Amino acid sequence: MLWNLRIRAAERGIWKSAQMRRMLADAGLEISAGKMSSWWAGTPATMRLEELDVLCSVLACTPTDLMSPEPDKVAARRPLATETVNGNNQDHGSGGGVSPVVTPRFGRPRSEPPL
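The sequence shown finishes on residue 114 if you use numbering that gives the first Met the number 0, and the numbering steps up by one all the way, no holes.
Keep in mind the hints are simulated off the structure, nothing from the lab. All figures in this text were calculated on a predicted structure; none of them were measured in a lab. Be careful, since some hints might not be right.
[Stated by the list, open to error] Each pair of labels, with its calculated beta carbon distance range:
id, residue 1, residue 2, range
1, Leu48, Glu69, 16 to 22 Å
2, Asp25, Asp64, 19 to 25 Å
3, Lys15, Thr42, 18 to 24 Å
4, Ser36, Ser67, 18 to 24 Å
5, Ala74, Ala26, 21 to 27 Å
In this text, a Cβ means the ideal position worked out from N, Cα and C, and glycines have one as well.
Construct all of the structure, not just a fragment, from the sequences and the given hints.
Written out as structure tokens, the structure reads:
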């Protein structure tokens, strides 16, 4: 997602993160200077929906004004070749006896049992 906080803030005449932080506090959202800095300087890794709701209220915008999808980045994360665990993409004619290594999405690689 492309984070557009500074653009939306500038459209409302807000040029400094401290000013944005005070406005959020006036609306009932007390956040640390560090958190405000991370929102201001780049894309936040996480954000609570309550925070997003107050932010949108203060900026008189919607979440879609603050975030824009980046489909090219999503496509770039996809693996180039799909390997199946059941061996559909393996060469069955070699008979080399070596088990291929299957890397699970999380954790350590494991050896697949021979066919």
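The hints, checked one at a time:
1. The given range of 16 to 22 Å is respected by Leu48 and Glu69, whose C-beta atoms sit roughly 21 Å from each other.
2. At roughly 20 Å, the beta-carbon separation of Asp25 and Asp64 lies within the given 19 to 25 Å, and the hint holds.
3. Taking 18 to 24 Å as the suggested C-beta distance range, the pair Lys15 and Thr42 conforms, at roughly 19 Å.
4. Separated by about 22 Å at the C-beta atoms, Ser36 and Ser67 satisfy the suggested range of 18 to 24 Å.
5. At about 37 Å, the beta-carbon gap between Ala74 and Ala26 misses the expected band of 21 to 27 Å.
Comparing the model with each numbered hint stated earlier shows that hint 5 is the single one that does not hold.
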